[in-house]
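K.L.:
Below, each chain spelled out in residue letters.
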Amino acid sequence: MSFSLAERARLAKKRDDTPVGAMERKMRLLAVDEIGVHRVLEAPSARHLEDLAVVSTWGESKRARRVVTLTAGVDATGGAAVDANAAGWFAMGRADDTVDVCDGVTGGVLGGGSVAVGALPVCATVFGPSSASASARLITVTENGDARVHAAACDVHAPADARIVGEWEEVVSNWKPCQSAIRACVSEDGATLATGGKGQGNNLKTHDIETQKVLFKAKAQPPNWLGYVAPPWVSAVRFLPGRGGGDGETILVGTGDHALRLYDLRQDSKRAVMDVQCGERENATTVMAVCGTRDGNTAFAADARGAVVAMDLRTQRSRGKLRGNSGSVRELALHPTLPLVATASLDRWIRVYDVDTCKCVGAGYTKQALCSVAWDVRGPAVAAAAAAAAERKKAKKKAAREGDDAGAEVAAGDGGGSDVAVKKKKKKKKRLCSDDDDVGVVKKKKKKKRAKEATEDD
Amino acid sequence: MEKKRTKLGRREEERIFFGSESNKKRVPKTIDNQRVKNDTFFQENDLDISGEIVEDEFASYFVNSTDPKVVLTTSRKPSQEMFRLLQSIFSVIPNAYYYARRSYYIEEIIRHSNARGFTDILVFNENRKFSKGAKINGLLHIHLPVGPTCLYRLSSLVYSEKIRNHGRSTTHHPELILNNFSTRLGHRIGRMFASIFPQRPEFQGRRVVTFHNQRDFIFFRHHRYVFEVRNESDEDFLAKFKADSLCESEQDLVQSYTSAELTCNTQKNSESKNSQRRERAFSDAFLPVTEIKSDAHHQSRELMINCKHSIERQALRARLQELGPRFTLKLLSIQKGTFNSKHGEYEYVFSGDAGGSKYDRRKFVL
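In order, the protein sequence lines correspond to chains A and B. For the first sequence, the residue numbers in my numbering are 32 to 489. For the second sequence, the residue numbers in my numbering are 250 to 615.
It is worth saying that the hints were derived from the structure and are not from the lab. Careful, some of the hints might be misleading.
[Claimed, not checked] For lysine to any residue, the following SDA-like pairs were computed, each having C-alpha atoms within a straight-line distance of at most 25 Å:
1. 591(B) x 251(A)
2. 229(A) x 592(B)
3. 579(B) x 314(A)
4. 591(B) x 174(A)
5. 93(A) x 297(B)
6. 93(A) x 293(B)
7. 286(B) x 81(A)
8. 93(A) x 295(B)
9. 318(B) x 371(B)
10. 286(B) x 87(A)
11. 286(B) x 84(A)
12. 591(B) x 307(A)
13. 352(A) x 591(B)
14. 352(A) x 614(B)
15. 591(B) x 84(A)
16. 591(B) x 88(A)
17. 591(B) x 81(A)
18. 229(A) x 590(B)
19. 352(A) x 384(B)
20. 93(A) x 384(B)
21. 352(A) x 608(B)
22. 93(A) x 590(B)
23. 579(B) x 592(B)
24. 250(A) x 239(A)
25. 384(B) x 329(B)
26. 286(B) x 88(A)
27. 591(B) x 93(A)
28. 384(B) x 313(A)
29. 229(A) x 588(B)
The task is simple: from the sequences and hints, build the whole structure.
P.N.:
Set out below in structure tokens:
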């Protein structure tokens with residue numbers, strides 16, 4: 032199915048309504064690969080993602096230390112110690128059974144080096160100090176179902192790369208949320224842990240991290256016409272961000288037998304409220320990654336052959352495909368504020384897609400088979416605060432120049448100098464990929480025409 | 250008409266003798282030489298890439314710590330044709346062992362091969378069973394113990410016996426030529442091919458196996474070569490050359506020169522018809538070795554420039570004899586790890602969607 036013109040116009044408008052300067056901010060992605068090297072990819076702004084390129088490389092190449100999971104840290108300082116140079120943190124689980132917390136600007140390991148977790152980590156998430164706790168928390172889950180929480184003392188007034196002053200100390204241990212895990216995920220507020228694995232007893236479960244109590248246990252899907260119930264095989268888990276105003280309440284699950292499921296924790300039923308098959312029957316493989324958009328209307332599911340489907344959660348039908356990947360897509364990363372989703376693929380490309388149009392808007396070649404990707408927006412709280420600061424500055428300037436109609440453009444730069452607010456509303460540019468790279472985007476005349484109509488409608 | 254032809258002929262002669270720049274033949278535009286270059290191309294001295302190469306699945310082969318040991322097997326219920334192919338494959342790959350497929354799953358074969366220290370499995374596939382028209386159409390190459398797995402479409406298969414004036418292969422370890430594998434993916438495939446053959450070629454065998462990539466099709470050829478020093482008179486050579494004014498590019502020059510030389514040779518020795526035919530086959534043969542080619546060309550050019558003055562000279566010639574079989578491979582997928590078609594992770598899948606060639610015919614992946 033495709034969207035109506037009115038719907039498209041609405042979506043286009045939504046993108047223009049994103050926070051001031053968000054479209055002009057420098058786009059930064061962190062990609063990790065099979066030889067344990069991490070790379071930073073940058074594009075000048077969201078409008079120029081076709082210029083996405085690797086700008087720096089960190090770490091030494093060592094296959095034994097390859098990165099298996101990567102999560103952008105959540106800095107829940109709530110605007111307490113905001114400065115423009117603050118950077119995001121990244122938690123990366125490595126194949127040598129350790130977890131590193133890295134700084135997003137220098138790539139330096141924070142908190143006194145790697146944290147040993149005893150087995151292959153499947154999930155590692157770091158949270159900054161919040162009102163609840165003054166220390167940073169690191170939540171890890173390993174392959175054999177062990178979950179741990181580490182904490183490190185923080186100096187909230189220091190810049191991000193020096194904010195963690197203590198060393199990581201185990202706070203919660205001997206906690207086994209499941210027998211074996213393939214994927215796990217922590218909700219954005221850091222309160223809920225979702226785990227899933229292969230085999231009986233390893234279906235989706237959520238736990239309260241504070242009390243380590245089970246909150247939800249998914250029931251198997253109803254038997255099919257043969258009376259057969261497939262054993263659980265959760266190969267991808269992700270919380271749907273902020274749906275219905277709350278976190279940790281809806282969970283997307285991809286399975287080894289190419290199903291995409293949606294669990295709603297608010298409902299009484301322990302079964303999935305949505306269960307659809309991804310891809311064509313003959314080519315369908317394991318779902319490697321899932322992610323949902325912020326409005327809760329679209330979910331993406333990527334499989335081991337490089338096919339990524341966009342599923343409309345309202346109609347439970349496919350809305351389109353993210354085309355261009357020729358190898359297994361291992362991670363889908365949704366941009367925290369903009370309608371963009373990045374894919375990390377075994378074919379060594381990072382590709383960025385527009386969520387609304389499903390078109391590839393940028394691609395960067397990283398030379399190595401990739402394991403994961405994350406957006407570096409310097410932590411959502413910091414970014415929001417920076418945007419607010421820019422807004423205030425802009426308002427101040429506007430007040431100063433009141434009565435003077437000469438200023439058509441006002442630039443409000445932050446400390447990094449990457450944030451430029453454009454007052455004059457630009458006519459929406461249609462973003463197309465550059466012709467030369469491998470993104471495989473077709474310029475179909477029909478679609479072009481339709482998009483044009485949509486902009487006119489706008 | 251007559252006049253024009255002679256004029257052209259003279260220009261051609263001038264070009265050959267003096268290497269005149271003004272009359273240089275223009276290189277025709279082909280899809281191959283207009284290929285779009287992009288970031289995926291392999292770059293020399295790239296630290297990123299060398300970091301991967303020292304630790305990839307083929308690293309142990311390239312540091313000489315493992316010797317290739319190959320399992321050859323077929324799809325279920327192989328036909329007579331299949332055994333004909335296997336016979337010739339045996340002459341190509343040293344240290345290969347045939348195991349009947351019976352009704353084993355590939356996963357089982359992998360398990361058993363791993364236990365017996367094999368490094369590669371080659372599974373040839375046939376499309377039709379129980380019939381005369383069975384056609385070999387696929388090749389599955391699994392590198393052990395941890396992959397990767399490549400699936401190829403196999404086409405244009407010509408058995409050794411069908412190749413005119415083919416030779417018989419010796420048991421020497423062959424030399425290997427991997428041509429035009431220019432991207433990162435191409436290099437990976439190249440390394441995988443290399444790891445089937447022993448690392449140290451036995452040069453006295455003068456046996457060479459070629460994997461030549463052209464527009465994402467990989468041509469497999471198997472030859473024996475020889476370098477010969479010959480004495481030869483100019484008149485014969487020149488007479489032949491004038492008659493054969495069709496030579497176009499530099500490559501043709503070498504080939505036609507070779508054929509000219511061969512004809513001279515046979516005339517001189519007045520050998521039997523049979524040997525003449527053999528010689529012609531040599532000259533028609535595909536010339537895969539760039540070194541040989543450029544060397545021969547250089548020599549022939551030098552000789553041609555000097556031949557106005559000298560009467561009798563010595564020349565080093567390269568000749569080839571095809572041993573067979575020959576076939577063409579098209580990469581369909583590379584899968585990470587050993588064979589698992591249902592749940593395996595793919596590094597590359599050939600598809601209209603992602604492949605460059607559908608939207609731009611000048612884009613290739615290997």
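K.L.:
Indicate, hint by hint, whether the structure satisfies it.
P.N.:
Hints, verified against the model:
For a cut-off of 25 Å, the pair hint linking residue 591(B) to residue 251(A) stands: about 22 Å separates their Cα positions. Simply put, residue 229(A) and residue 592(B) have alpha-carbon atoms about 13 Å apart, close enough for the 25 Å limit, and the pair holds. At most 25 Å may separate the alpha-carbon atoms for a hinted pair to count; residue 579(B) and residue 314(A) meet this at roughly 19 Å. Pair hint residue 591(B) plus residue 174(A) holds up; C-alpha atoms about 22 Å apart against a cutoff of 25 Å.
Proposed proximity of residue 93(A) and residue 297(B) is supported: the alpha carbons are some 11 Å apart, at most 25 Å. Distance hint between residue 93(A) and residue 293(B) is fulfilled; the C-alpha atoms sit about 20 Å from each other, no more than 25 Å. Taking the CA atoms of residue 286(B) and residue 81(A), the gap is near 17 Å; set against the 25 Å cutoff, the hint holds. In summary, the hint linking residue 93(A) to residue 295(B) is supported, as the alpha carbons are separated by about 16 Å, within the 25 Å threshold.
Annotation: proposed proximity of residue 318(B) to residue 371(B) holds, straight-line Cα distance about 11 Å (limit 25 Å). The straight-line distance between the Cα atoms of residue 286(B) and residue 87(A) is roughly 23 Å, inside the 25 Å bound, and the hint therefore holds. Between residue 286(B) and residue 84(A), the direct Cα distance comes to roughly 16 Å. Compliance with the 25 Å bound is thereby established for this hinted pair. Distance hint between residue 591(B) and residue 307(A) is fulfilled; the C-alpha atoms sit about 18 Å from each other, no more than 25 Å.
Between the alpha carbons of residue 352(A) and residue 591(B) the distance comes to roughly 21 Å, so the proposed pair stays at or under 25 Å and holds. Between residue 352(A) and residue 614(B) the alpha-carbon distance is near 22 Å, which keeps this suggested pair within the 25 Å criterion. Restraint check for residue 591(B) and residue 84(A): not satisfied, since their Cα atoms lie roughly 34 Å apart, outside the 25 Å limit. This hinted pair does not check out: residue 591(B) and residue 88(A) have alpha carbons roughly 35 Å apart, beyond 25 Å.
The hinted pair formed by residue 591(B) and residue 81(A) fails the criterion: a straight-line CA distance of about 34 Å is larger than 25 Å. With a CA separation close to 19 Å, the supplied pair residue 229(A) and residue 590(B) stays within the 25 Å bound. A distance of roughly 36 Å separates the Cα atoms of residue 352(A) and residue 384(B); the hinted pair therefore is violated under the 25 Å criterion. With a CA separation close to 45 Å, the supplied pair residue 93(A) and residue 384(B) exceeds the 25 Å bound.
Taking the CA atoms of residue 352(A) and residue 608(B), the gap is near 17 Å; set against the 25 Å cutoff, the hint holds. Straight-line distance between C-alpha atoms of residue 93(A) and residue 590(B) comes to about 28 Å, which puts the hinted pair past the 25 Å bound. Simply put, residue 579(B) and residue 592(B) have alpha-carbon atoms about 23 Å apart, close enough for the 25 Å limit, and the pair holds. A C-alpha spacing of about 19 Å is found between residue 250(A) and residue 239(A), which places the hinted pair at or below 25 Å, so the restraint holds.
For the hint pairing residue 384(B) with residue 329(B), the CA-to-CA distance comes to about 10 Å; that is within 25 Å, so the pair holds. A threshold of 25 Å between alpha carbons decides the hint, and for residue 286(B) with residue 88(A) the separation of about 23 Å falls inside it, so the pair holds. Distance restraint check for residue 591(B) and residue 93(A): the Cα-Cα separation of roughly 29 Å exceeds the 25 Å cut-off, and the hinted pair is therefore not satisfied. Distance restraint check for residue 384(B) and residue 313(A): the Cα-Cα separation of roughly 24 Å lies within the 25 Å cut-off, and the hinted pair is therefore satisfied.
Restraint check for residue 229(A) and residue 588(B): the C-alpha separation of about 20 Å stays at or below 25 Å, so the hint holds.
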